[in-house]
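One line per chain: the protein sequences are A and B, in this order. Residue 355 in the working numbering sits at position 355 of the first sequence, and the numbers go up by one each step. Residue 135 in the working numbering sits at position 135 of the second sequence, and the numbers go up by one each step.
Some clues are possibly wrong.
Listed below are the simulated DSSO-like cross-link pairs for lysine-lysine, each with C-alpha atoms no more than 27 Å apart in a straight line [claimed, not checked]: (1) B:K230 to A:K278; (2) B:K235 to A:K271; (3) A:K244 to B:K251; (4) B:K301 to A:K297; (5) B:K251 to B:K235; (6) B:K114 to B:K42; (7) B:K42 to A:K273; (8) B:K297 to A:K307; (9) A:K355 to A:K54; (10) A:K278 to B:K216.
Everything labelled a hint here was simulated from the structure, so no lab data went into it. It should be emphasised that the depicted structure is a prediction, and the values quoted were computed from it without experimental measurement.
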Amino acid sequence: MKFSRAFMDEDILQDEEVGFLLDKISCPVEIVSSSKMVYDAVNHANDPISEAKKILYITRNKGAVIRECPGTSFYSCCDYTILHTGTFCTMDCSYCILQAYFHPPVLQYFAGFQQISQALEEVFSQNKIFRVGTGEYTDSLIWEPISLSPRFLVETFARQSNCLLELKTKTINVKSLLTIDHNEKTVLSWSVNTPLVIREQERGTTTLSARLKTAKQCQEKGFQLAFHFDPLVIYPGCETEYEKVVDDIFAHVSPDHIVYISLGSFRFMPKLKGLIEKRFPDSVICYGEFITGLDNKMRYFKPLRIKLYQTLVNRIRAHSPQTLVYFCMEDQEVWEKCMGFFPGKPGELGSLLDKSAVLHCKLQSF
Amino acid sequence: MNLCNFPIHPEAGPQPRLPDIQGFQGEIVQVEKDCIDVTDKKFQIRDDLSGQSFSLASLESLGKSIQQVGLIRLPVLRLSSLHADDFQTCGKKYTVVAGFRRIQAITRILGQEKLWCKILPPAIEPWECAVLAVADNSMTSSLLPGEMIRSVGLLSQFYTHEQIADFSETLLGSSFHTSRIQELLAVARMENFWPALLDAGKITLRSAILIASWDKNTQRNWYDIFSRIKVSSSKQAQMLTAFSEILAREKMDAQLFFSHPDVTQIMELDTQDQGYKGEMFRQYLMTRRYPFLETEKARVKAHISELCLPKEIRLELPEHFESQEYGISLKFTSHAQLAQKTDQLVKLISHPAWEGILSRQG
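Required output: the full structure, derived from the provided sequences and hints.
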């Protein structure tokens, strides 16, 4: 990971965590008294989004460390918990919502293991299952080569029994994790897609083959796994190619190690379209047959989503009927037509996922 | 648009401020019509090609007005001596800075051989004439889109985009950012018939700006299409977006699209109804852009028509078939009508068309 500039708040303690980070980044660090300099550096660029991927900002999380995943009432939500350890990403996927989510986007590393520990202790002490992930506002493992954070989190979660830690990534950065005693509490998960989508829409990410080989390596070290088909992109011949991805997954890893597989078709806030057109002029990803969904995001016309979901669900079930497959943000009709049931009661989908988490990660049952 | 007299110079702009138009005293003289070179249109803002502003009817109306109340604002001319070559070639003495339509009305409609005009001093600079020409139009009424394009085109020969943006509110009647000036200039650079289409209300400025970003052949094709159809501004935007996305989706060359038999067939429809033709073309674009959605809409629509719903009963489909909620609304003016319509509705419930309406793909 190479940065053109790095900034750090003047009040950040230079402890082991920060010392490791500073040692790993190749450019000099500019100490700042406020974030304004960082925002200026990003905003003054011709393409602030691309620029932000090259500028690291070491700061403190000044907001909530633990947050509930924002769902909407129109589509079923999985009751996920977000551990907020950083923002933005060094990879460059055309469809990435983070391009439009932050104003401007800034690649922030939130230093302070103690702050994270304190927040987690509150979660660890509850009589409830939590599925906690760091991959909502950033890729969980882009940080692994330069930071002790992923390792710290795996070790922290290994010492408790009611929470699963999910590290979601498109990288193969697992080297420092393979030798740790994770106590099966960490799920390493990969966002997967067809080789065509990866090649054309996911700049700077690893190949599908590399991701699956790494998943296999992690499985051999006893880690639990998850896969996210998200975003599913509809294009001519995509069904066959997605089936092949399913086949590839099961060719690499055992169903026994898969905690869950999620499916979500490409959906986006309308303002993302202009950004994609500007930053990825060759991409046609936003020219699918999209309609405005009930949550005002653009979604594929429902019958098209259902058709692709049915193909994938059938293929996954052919390999492993017992693997938990769920939809990220879909409604009753989609669930019933593709899965034959709908976890529509509040918390019902979350509960299904919790059960799988308990089973695979040997969590305490409540 | 005729901008050939002065090359467009975005960087040019030695004039840091607007000239004081009030300060142009000029001399009021009676000029023989043959001494006015009406073919020199470099300062003309209002179009005489659109068939609207310079139509015979419009000239007759202006002529009548001049006859009744006199000429309130005099046409403004400048000596052509600055262009001695032109003078010798055509034998004319004056160039028109403002008042093209007034001159036409006086000479063609009222048949006068001489007319009162304001002659600007010989030392006046072209950039001062440009500002005067724009002001003469914008101060009397809001500029039409095509006039706005011409005004910006004319000013851009003497001022930078930033300068035009700075005094846009004063001179053009609307406050524009530099980026907007650039967009307007892109339209100005299109072939000269677009302002006429704009002023005729056949196309919005927003649509013209989008079309200006495409190649010349595509611009010509869209000009041809918008000359033959009439659609609302929102539908124009919908159609142009669908067009560009169809090309991207189908990896298709624009010319191939326009030469498609379906497109040519619609454009050659034997009808004078430009609205109908526009709607046909819009539907074609939407079906090609959203094939599954539009096919489903058409399928359900066909089933709904089988119901022969009375006009007071309206079936509301879920938008884009995303939700599963259907609705029925009923209008009535009395209790008796409510009873009658409800009864009609109850009888319709057993109609077999409902199966087709409520069945969902997937």
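Against the structure, the hints:
no.: 1; hint: B:K230 to A:K278; verdict: 31 Å, violated
no.: 2; hint: B:K235 to A:K271; verdict: 20 Å, holds
no.: 3; hint: A:K244 to B:K251; verdict: 26 Å, holds
no.: 4; hint: B:K301 to A:K297; verdict: 26 Å, holds
no.: 5; hint: B:K251 to B:K235; verdict: 24 Å, holds
no.: 6; hint: B:K114 to B:K42; verdict: 23 Å, holds
no.: 7; hint: B:K42 to A:K273; verdict: 41 Å, violated
no.: 8; hint: B:K297 to A:K307; verdict: 18 Å, holds
no.: 9; hint: A:K355 to A:K54; verdict: 40 Å, violated
no.: 10; hint: A:K278 to B:K216; verdict: 22 Å, holds
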